[in-house]
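S.K.: Sequence:
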Amino acid sequence: MLKCFLLLVGIVCIPLVLCLRGLILGPGRWLVLHMGHCEDQVEYPMVYEVTRKKINRTHDCFDAHMIFDRDVNTSFSIQIDVFQEVDGGFKFYETIKDDNYCAFLMRHAGENMRRGLTLAHIDPPECPFLKGEVIMKNFVMDYRELAKHGVYGTFLANLYFIYEDLKYTCVQTILNFDEYESDYNDEEEEEDDDDDDEGIVGKLL
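When you read off a place in the sequence shown, starting at 1, and then add 48, the result is the number in the numbering used here.
Heads up, a few of these hints could be off.
When the alpha-carbon atoms are kept at most 30 Å apart in a straight line, the in silico DSS-like pairs for lysine-lysine are as follows [claimed, not checked]:
{"id": "1", "residue 1": "K179", "residue 2": "K215"}
{"id": "2", "residue 1": "K102", "residue 2": "K196"}
{"id": "3", "residue 1": "K196", "residue 2": "K139"}
{"id": "4", "residue 1": "K102", "residue 2": "K139"}
{"id": "5", "residue 1": "K101", "residue 2": "K179"}
{"id": "6", "residue 1": "K101", "residue 2": "K139"}
{"id": "7", "residue 1": "K179", "residue 2": "K145"}
{"id": "8", "residue 1": "K145", "residue 2": "K101"}
{"id": "9", "residue 1": "K196", "residue 2": "K185"}
{"id": "10", "residue 1": "K101", "residue 2": "K215"}
{"id": "11", "residue 1": "K215", "residue 2": "K145"}
{"id": "12", "residue 1": "K145", "residue 2": "K185"}
{"id": "13", "residue 1": "K185", "residue 2": "K102"}
{"id": "14", "residue 1": "K145", "residue 2": "K196"}
{"id": "15", "residue 1": "K215", "residue 2": "K185"}
{"id": "16", "residue 1": "K185", "residue 2": "K101"}
In short, the hints are calculated from the structure, not lab data. The structure displayed is predicted, hence computed values, not measured ones.
Let's have the full structure, built from the sequences with the hints guiding it.
M.R.: Here it is, written out as structure tokens:
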């Protein structure tokens with residue numbers, strides 16, 4: 049669940065941050081090219097299991113299982129380190145921080161978060177929520193809900209869930225924004241975009 053929420057934050061908030069920087073924007077679409085553990089994952093105390101199933105070019109489906117050993121509340125903060133692909137690697141681009149993970153997530157991804165918590169049978173579907181086992185199945189992400197204007201390129205994000213200055217876990221996702229004039233009609237959704245995870249590695253410069 050946490051990984052899906054962290055990934056969701058990256059998917060929703062990275063496009064927003066890029067749009068707010070005042071850079072040259074253009075019409076296009078966001079695609080998730082990769083999601084997985086960070087390179088130094090063994091250093092983080094929380095482990096998780098998550099799978100991503102590609103439905104079509106506009107939708108992915110996520111399953112997740114994890115056990116929280118403490119309540120998820122205002123004691124947690126979030127940090128997202130964003131890198132942009134240049135010259136065959138990823139160069140540091142931006143850091144996004146917020147001292148209140150729950151407030152940040154509700155502000156930028158509230159409806160998706162409530163939907164995910166509902167699928168995980170957390171009642172009420174709000175953050176904070178209590179420690180324990182969390183299982184979520186068939187969380188569908190619709191990328192058409194993201195900003196339709198952005199900075200063209202490929203971006204890597206390392207997303208950290210932080211508890212009292214300890215990096216509690218880390219998720220890595222790679223997103224691409226490319227020029228695409230169509231409005232994602234149903235017929236086009238059946239085509240494959242070859243945006244699967246295989247062979248994609250985030251090499252930092």
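S.K.: It remains to establish, for every hint, whether it holds in the given structure.
M.R.: A quick look at each hint next to the structure:
no., hint, verdict
1, K179 with K215, "holds (18 Å)"
2, K102 with K196, "holds (21 Å)"
3, K196 with K139, "holds (24 Å)"
4, K102 with K139, "holds (28 Å)"
5, K101 with K179, "holds (27 Å)"
6, K101 with K139, "holds (29 Å)"
7, K179 with K145, "holds (24 Å)"
8, K145 with K101, "holds (29 Å)"
9, K196 with K185, "holds (28 Å)"
10, K101 with K215, "holds (27 Å)"
11, K215 with K145, "holds (13 Å)"
12, K145 with K185, "holds (29 Å)"
13, K185 with K102, "holds (14 Å)"
14, K145 with K196, "holds (24 Å)"
15, K215 with K185, "holds (26 Å)"
16, K185 with K101, "holds (11 Å)"
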